[in-house]
Each structure stands twice: as structure tokens, then as C-alpha cells.
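Visitor: Given chain A, put chains B and C in place with the hints provided.
Chains as they are written, first to last, in numbering that gives the first Met the number 0: chain A, 0 to 332; chain B, 0 to 357; chain C, 0 to 333.
You may find that some hints are simply not true.
Taking lysine to aspartate or glutamate pairs in the EDC-like style, the calculated list, with each CA pair at most 20 Å apart, reads [claimed, not checked]: (1) B:K288 x A:D32; (2) B:K288 x A:D204; (3) A:K208 x A:E41; (4) A:K114 x A:D88; (5) A:K270 x B:D294; (6) A:K270 x B:E68; (7) B:K255 x B:E273; (8) B:K298 x A:E245; (9) B:K51 x B:D313; (10) B:K298 x A:E41; (11) B:K118 x C:E224; (12) A:K270 x B:D143; (13) B:K298 x A:D219; (14) B:K298 x A:D204; (15) C:K218 x B:E159; (16) A:K208 x A:D96; (17) B:K298 x A:D228; (18) B:K298 x A:E201; (19) C:K218 x B:D143; (20) B:K298 x B:E270; (21) A:K249 x B:D294; (22) B:K177 x C:D94; (23) B:K111 x B:D92; (24) A:K270 x B:D313; (25) A:K270 x B:D231.
Quick caveat, the hints were computed from the structure, so don't treat them as lab data. Because the structure is a prediction, the values reported are computed rather than measured.
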Amino acid sequence: MDKIHSNHEYLLKVENLTMHYTTRGGEVSAVDDVSFTVRRGETMGLVGESGCGKTSVALTLLKLLPENGIIKGGHIYLDGMDLVKLKEDQMRRVRWDRISMIFQAAMNSLNPVYKVSDQIVEALEYHNEVRTNQEARRRLKDLFTLVGLEHEMLDRYPHEYSGGMRQRAVIAMALACHPDLVIADEPTTALDVIVQDNLLHEMGDLQKKLGMSMIFISHDIAVVAQVCDRIGVMYAGRMIEIGTTEQVFKRPLHPYTFGLMSAFPSIVGPKRELATLPGEPPNLLDPPAGCRFHPRCPFATEDCKRFVPELRDLGGGHFVACDHPMEASLGNP
Amino acid sequence: MAIHDSPKDTPFEKNTIQGNMISPDTGFEPLVRVVGLKKLFPLNAGLFREAKSYVHAVDGISFTIQEGESLGLVGESGSGKTTTGKLLVRLLDPTEGQIQIVMNGSIADVAKIRPAEMKMFRQSVQMIFQDPYESLNPRRTIYDTVAEPLAVQGIGNIAEREYMVAEILTRVGLIPAKSFMFRFPHELSGGQRQRVAIARALIVLPTFVVADEPTSMLDVSVRTGIMHLMLDLSETLGVTYLYITHDLAVARYMSKRLAVMYRGKIVEIGETEEVLANPLHPYTRALLKAVPIPDPTMKQERPDIKGNISKPIDPEPRCRYIDRCPLAAEVCAANDHPPLEEITPGHWVACYRAEDTR
Amino acid sequence: MAEITRPKPGTPLRPQLGRLGPQGEVQVIETPLWKIRLRLLWRSFQSNFKIFLENPIGLIGLAIILLFAFMAAIHPYLLENVWNRNVYDPVIGIDQTITFHPAPPSAQHLLGTDPLGRDVLSQLMFGTRAAFILGILAAFVTVTIATTVGALSAYYGGAIDTFFMRLADLIIMTPIISLLIVMSALFEIGFTHLAVIIGLLGGLGGATIIIKSQALTIKVRSYIEAARVAGGGNAHIIFNHIIPNLLPLSFLYMMFSVTSAIALEAVLSFFGLLNIRMSWGLMIFTTQRAGYLLDLSKWWLIFPAGLAITMLCAAFYLVGRALDEVVNPRLRKR
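Looking at chain A on its own, in the form it has when it is part of the complex:
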């Protein structure tokens, strides 16, 4: 598929995306009115705890939802093209070719009964990236060099790979068709620190080399701090804060973000008291009315229980969905 580099300002523009899961117990509001953008070559971090909806957003972008996942509204503009309106066969041409995904737990992406090379070639052939076996072979070798795997591992099976190697194989698979956007869902969570460090640096290099954008999903804000240009913080299915990495870390405006930052231990700096966020994330079958964080928020007012705060730009591209952002509460400029 020809990749026409249009002059749209954003590569990806998500607007008011809403998605529900239908379960026996009712409708789960997993993604509620989520909006964000990703520019070319940018790494956007999606941060939040389990159940906040970040993986659901990723699956929705690729329209890889299970049967009971239904998009209720909103738009996903990829270079101006609204993915929500695409039918499945059209979407199949977009997947992997323009957007691909690195799933959590690499073993889930690799079919244990096929050689790794066969699995990657499958994607290449589907998207007509290669025409002959020779081309395929060459492309595979290039990919493996790119991710730092030895060529002899091409014809091996997934169980012969170590954890770090599997993750690299999955990255190779995601990059096979040179997509514009890669969604990485907790790519390094199960890995040791040193392997993680290597992998993150390599992913960063790859990104620069290939000029692709990345959405980096993680619950580990330390990793996100080092890797991402911009960050979106999600809570209970909603996007509650977006900004550059520095903005969000240095001046967290949403009380949840503030609490999250203070709850992270660090090995450098003085040993400070860690904050605890009381309570638990809400049940999305029956989320709280108004601001979904209000039951746990120390600054909640009566209005917070009734009105859903909108995502507003408070200066310099730093958006917050809160009617009483931190600085106002603390009185600090």
C-alpha cells in the first residue's frame, strides 16, 4: 500500500472515542470520551493503572476488539482517514501496514507451532510487501538485524527464544511492514532491568531511523519518563491529563497524577515519604457520576460529583480534565 505522506498536522487524531464492553452484568464503560493526538515521529505515552482503559484504547485503535466490545462514538483519524467508519476488510489493509501493535506478554503474539520466520513472512505477504521468497528472506534478515537478533534464530521456534529475545521478535513482527504508528503495550514489563534498558534504547534508535510514531502504554511511569515525548494519563476510562513529559512530571495538575507521581519510589534523591492513594479504582460497570475520581480526591467538591470535567488547555499544550487542578488548590504558581 502506498504510504502517502500527507500534510495533515497530526498522524493520529483521536476525537471523543467511546467504547463499551457488553457483559452479562451490564455495560462496562471502558473508554469514555477519549481524545488525544500523535504527531509524526513522536512517542506518546499512555499511563495509568490496571483497568484504566489504556489497553482498551489500543485495541480500539486497531479495531481488534472482542465480540462484546462496541465503539459507541467518536473518531479515529489516521492521516485524515476515519478508522471508525472503515469496514473490516478495509481495516485489515490498515492493520500492520500503517498501524501495528506490540502486545503485552510476547508469548501471546507468537504461535508456538510455527517458526518465527514463517509468522513474520505471513504479515509481509498479506500486505504485498514482498513478492518472492528471496525478497522475503532478505527482508527478514534486515528486520532481525534491526532488532538485534541473530539471523540463525530465524528458523527457530518461539520456545527456543529467551524472554528478551522473544520481545525483540515481537517488535520485529510489528515493524515488518514499516508502519507509521506502533502501539507498544507494556513491552518491557516482564523483562529484567538491564534487558529493558537495552530494549528501550534500541526501540528509540529504531524509531528515529524509521521515522515512525509510537504510542507507549505502561503503568511504569519511570520508563515513560525516559522514553516518551508526551504523556496522556488515563483514569477509569477517561483521559484526565495530557502534556509534554516534562509538564506532566514537573507540574502535575490533576490530583490523581499528582498522587501517582508522589507514590513512585526512586533510587536517586533523598528518601522521601511515599504517598498512598486511598481507595480503589472504580468499577466501570457503574462508574461514579461526574468526575470519576471524586470518591478518592481530597479536593472534591459537590460540583465534582455532578459535572464531568472537560479536558482543557491550561497553557502550553498542557491539558487537564479537572475543575480544581492542583496548582489552584495548592496556591502555587
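Guide: Okay, now just chains B and C, sitting in the frame of chain A:
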């Protein structure tokens, strides 16, 4: 119960430390003393075949833990930290070496505890497991799970047990205890389940608890709650921890002293703040550089380490770290793995080049 | 909260949590423990039943079983109060008002009579009771043996495991019918004998392999290690952790065992190998003996019995399939 003397007469690796010296000489007998502990797992052994090679999961480690001074044990996967934890609670038996704990006023050798004394052991040493979703039997109520140590060891009658369970549940923050007691694990969140696991471990009032990565599967905000709980209980119930983790930042908060493991060996041990501020072993330095810092303005250096970690199968008699070490020299290959040496007071390193490269 | 003090060395460790009042009368929970457990059991049964009911297959199976159960239940009543015992007794009754037996269905005999003059409907109902008892008894024996053996093999491994697994292989290889033919030649096989034999062979055969593999997955869970650290010995772990987690699978397997037990009895009776007074298989045997097996004009001789066997077996199988969804949450539709 026989009382053992300080292990001046047990066989050591050459040049290792004698007796009490691994911990600061406070004059008190340490709560836990490990000497030359080894655990080997045979590979490829069959019904009719002797094992040819062994995985040296724990390859001769020695350390002490003083009462009230929790020790953090950090390392990557394959370092042997989880195996060490299991050895200390006697889920595994050591291949070599000794584990001594202070039990009811006298010192006991964990591997040699007789069945008659096992009850006492199980009331002195307990374990908290990593996975809150797996360490609770899904078919048993919270009451059953927490009361299990009591039931199995015949402590108290039904009424007393109910009361004890209610009290420990309250102490771990599951309030009101009555409403939690008869729920099932699947009705609780991850954080709550881990609190149940802590309650189960602490209900017998042990003096020593091995915590095997208790927070690594929890969300960040829940994690801090559990960490605080464990620290509080450590004070109020007088429990000392061995806190096993791969997360250096968490280890910093939970332990006074820190031990770094690599391929079955302890490569560095000392006060946590000291080790983090002045790491002496190249592996520790690499680890510290690799840990991401939650501050985007601080750009980090790359860790100085090459290659990949490998399984410690039949290791050769030289420094275990030599293949990845930026400081590797002839002396490192010529001799067996270096012994722990005290470089600065209370700070021990196993490295032939430690003095040169301070 | 009360201060906790460490006991002096030398004094036995007494749990200080939960010090009772001076009369030892502190009661945290008003209802006694066993009542609470019963209530929990009832609640879990209710929720499982609800899930079971959602599956139409389960409902059909259950309905058929209840229908047959009803038949078995009212038969003795009918025999006592409604029917003339001499005519309608399934084994020794004979209708002497009709000249030629087997007689086709009529007002007096809704399913006709068999070659020996006995009422077919009565036989059918009596056979139901036999089928139920045999099926459930055999299945129960099978599952008890399979669960115990499976759990022990998985837990201890080694020689015990090897022995039972090879025994299971042996049993799977052996054709049961030939085995039972030989046995029936050596001694009389009655009802209870058959149930025990089927139970034994089933329990030590394939069932044990399936349950053992499930037990192996349980054995490596963290909560088993936790139980050991709490001080639990082998017996405690096997009976309080492994077996309770096996019970859903065992119960499921029991349904399928009933199916095979009923079918097996029918085959054996058909060959005349069993020392049984009346059963569905025996009805077909009688028919065959009298030479009417392929005589379709006398359809009431084989169809009711054959249909009954098929339907009851199928019913238990359907219930088993529906139970599978209860036991394996992953099979459920959301």
C-alpha cells in the same frame, strides 16, 4: 534443641569471613545467619541416569540478618534470590551450607530441624508470596486461608481462632474484618488479596518473614499501601524481613541493608543508602544506571555491561561476572569467584578490582 | 490495639492475638462456623445453578433426567395401587387374557407385552430405576477412585505414579466386554457386582489420567507452597487443597461415567451375561431370544427400551456438557 556455636569450625570457601563479621559487630547474635549456602539442581537426570550437569541456583552465599534490620535481596531473574528465599523457609533443602536462625531463644540449624520442632519453626519463620492471585486457594474463604497456620498447628480453639483472624485482618487494614472473613479470593482486589497473604503470614507472630516480591504484581498506588503496611507491622509486631525484589527503588524503601545477587552469588552487601550512593561492584553500578528514573529532566548514562545473563550451569572456577564486566582483568580469570571483602565499614564487595576502581 | 510483647526466650510461644476475656467467652461471630459454611455452600450452589440454567443443553438434559426419575418413582406406587400385580409385574407378571404374546399396544398395555406376556411399560419403568442406581453407583465409585488415585499419583510421583499410570494404560487397552464375558463365565455377576466392577475399571482407567493431569496443575500453584509454609503436611495439602480443587472436574466426569455405565450394562445384558432380574438391556435380550429382534412389526419390543437407553445416556451427557461451562469459566459466553 542443641545450641550451636558460632560457625568458626564449619568449612568455608577460602578467604571468606569468619564468624560474626559480616554484620556490624553489635554484640548481638544475628537473627538469621547463612553460611556457604548452596543449592544445586540436577539437569537431565532420569530414572536410570545420573545427572551430568547442575544448575548452581545458589552458589555459596553467606550473610547475616540482625533482628530489626530488614535485608533487601535484589537481582535479576536467574540470580537465585527466589531460591534463597525458599531455602530460608525450608520449602527447599540446601545442597550444602547452613542456615541458622534464632528460634525461641536458641539457635537452630534450619536444615536439621526435627519433625518435633517443625511447629516451632513454622511459627517463627513465614513467607509472603509474589502473586496475590495464585497464593490464595480460590475455593477457600478468607477465614480458612488466614486461619490455616493456626488450624494446621493446632493453635487455639474455634472461638480463639476466629478472634485471632479478626484481629489480624483488622491490623492489615481489611476493615470490617467480619465482612471480609467469609468472602472468597475472587471477590477481592489484588491489593486486598495481598493483605490477606500478609495476614496469613503474620498471624502466628513470626520473628522472621521472607517476602518474595510481594508488590511486583500490584498497581503503583496499591503498592505503596502495602509497603507502608509491611513497614508498620514490622515495628508493631517485631518482624524482620528478607525483602526479595528486582526493583531497586522498592528495596530502598523496605530495607536497611541491601544484598545484590548475580548468578547465585552475592556480589555486594551493605547499608542500603551506602550501596546505592557508592556502588562498588560493576554489576551494581550497571543495575543502578539501568533503572529508569521518574524524572524526564535527568538523562541517564548507559550501564557499562555487555552480553546477556545466562543460566549458572556448571560455572567455571573464575569470577562469575567476568563475561560481562568492563573491569575484567587476569586476576579475575585466574582465581575462583572472589570472596566478599569489607572495603568500607559495613560495606562488602566480591570483586578483585574493587580497591583499584573505587 | 493492644501492645504486642515478645515472649521471653524459653517460654513457649503463645499467640497473643485474640486474648479471650477472663471467662474465655469472646465471640466474634454470632453464628457458628458450620452454619456459615453451609450458607456459603448454598449460595455458591445457587449461583452455579443459575449459570447452568442459562445453557439450553443443560435444561434439556435435566428435563429428561427428571422425567425418567419421575417414572422410576411412581412405578412402585402404580404397582401397589393402580395395577393388578399379577398382570403388571415387570418380571413375573403375565396377562392371560391375551392369547398371543407379544401383544401390540392396547388400552390395557400402553406399550404392549413382551414375548413372555409381561407389560412392556412396566418393564420400562422398572428398568429406569435399575439404570439410575447402576449408573450413579458405578459413576460414584469411578470418580472416588479416580480422584484419590489421581491426586496421590500427581502429588507423590515416582513409583506410585508409574504404577497407576501403567495400570491405567493396561485397562484402557483391555476390551471391557471381553473381560466381562470371561468374568461372567467364572462367577455370577449381579447388579452390585457390576456397579463395583465398572466403577473399579473406570476409576483406575482413563479417568485417573485426566484427573491426575489436573492435579498436576494444582500441585504447582503458589497456595500449595503457602500451605506448606504454614505448616501443612502431605495429608493436609492433599485433602484440603488438591482434592477440593479437583472436585468440580470429578463431578463433571461423573456425569460422563453414568453414560458409559448405563450403556455398558445394556450391552452386557443383551449378551445375557448378567444375573439381573430386569433392565432395559434385558428387555432387548428377551426379544432377541424370542427371535423378534429384526421384526419391525413388533416395534414395541425394542424401540421403547432402545430409546430409553439412548435418551437417558444422552441426558446425562448433555448435563455434563452444560456443567463443563460452569466448571470452566472460559467456556461461558459473556
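Visitor: Now, for every hint given, state plainly whether the structure supports it.
Guide: Against the structure, the hints:
Distance hint between K288 (chain B) and D32 (chain A) is unfulfilled; the C-alpha atoms sit about 39 Å from each other, more than 20 Å. The straight-line distance between the Cα atoms of K288 (chain B) and D204 (chain A) is roughly 19 Å, inside the 20 Å bound, and the hint therefore holds. A hinted pair counts as satisfied when its Cα atoms are at most 20 Å apart, and K208 (chain A) with E41 (chain A) qualifies at roughly 13 Å. Restraint check for K114 (chain A) and D88 (chain A): not satisfied, since their Cα atoms lie roughly 27 Å apart, outside the 20 Å limit.
Taken as a hint, the K270 (chain A) and D294 (chain B) pair is honoured in the structure, with Cα atoms around 15 Å apart against an allowance of 20 Å. A distance of roughly 17 Å separates the Cα atoms of K270 (chain A) and E68 (chain B); the hinted pair therefore holds under the 20 Å criterion. A distance of roughly 10 Å separates the Cα atoms of K255 (chain B) and E273 (chain B); the hinted pair therefore holds under the 20 Å criterion. Of the supplied pair hints, the one linking K298 (chain B) and E245 (chain A) holds, its CA atoms being roughly 12 Å apart against a limit of 20 Å.
With a C-alpha separation of about 9 Å, the suggested pairing of K51 (chain B) with D313 (chain B) holds against the 20 Å cut-off. Straight-line distance between C-alpha atoms of K298 (chain B) and E41 (chain A) comes to about 18 Å, which keeps the hinted pair within the 20 Å bound. For the suggested pair K118 (chain B) and E224 (chain C), the alpha carbons sit about 16 Å apart, so the restraint of at most 20 Å is met. For the hint linking K270 (chain A) to D143 (chain B), the alpha-carbon distance of about 39 Å lies beyond 20 Å, and the restraint is violated.
Annotation: proposed proximity of K298 (chain B) to D219 (chain A) holds, straight-line Cα distance about 17 Å (limit 20 Å). Pair hint K298 (chain B) plus D204 (chain A) holds up; C-alpha atoms about 16 Å apart against a cutoff of 20 Å. Of the pairs offered as hints, the one joining K218 (chain C) and E159 (chain B) is violated, with about 31 Å between alpha carbons and a cut-off of 20 Å exceeded. With a C-alpha separation of about 17 Å, the suggested pairing of K208 (chain A) with D96 (chain A) holds against the 20 Å cut-off.
For the hint linking K298 (chain B) to D228 (chain A), the alpha-carbon distance of about 13 Å falls within 20 Å, and the restraint holds. Restraint check for K298 (chain B) and E201 (chain A): satisfied, since their Cα atoms lie roughly 16 Å apart, inside the 20 Å limit. At roughly 19 Å between alpha-carbon atoms, K218 (chain C) and D143 (chain B) fall within 20 Å of each other, so this suggested pair holds. For the given pair, K298 (chain B) sits about 26 Å from E270 (chain B) by alpha-carbon distance, which is inconsistent with the 20 Å threshold.
At most 20 Å may separate the alpha-carbon atoms for a hinted pair to count; K249 (chain A) and D294 (chain B) meet this at roughly 8 Å. The hinted pair formed by K177 (chain B) and D94 (chain C) fails the criterion: a straight-line CA distance of about 69 Å is larger than 20 Å. With a C-alpha separation of about 10 Å, the suggested pair K111 (chain B) and D92 (chain B) falls inside the 20 Å cut-off, and the hint holds. A C-alpha spacing of about 40 Å is found between K270 (chain A) and D313 (chain B), which places the hinted pair above 20 Å, so the restraint is violated.
Taking the CA atoms of K270 (chain A) and D231 (chain B), the gap is near 17 Å; set against the 20 Å cutoff, the hint holds.
Figure legend: structure checked against the earlier numbered hints; hints not met, in rising order: 1, 4, 12, 15, 20, 22, 24.
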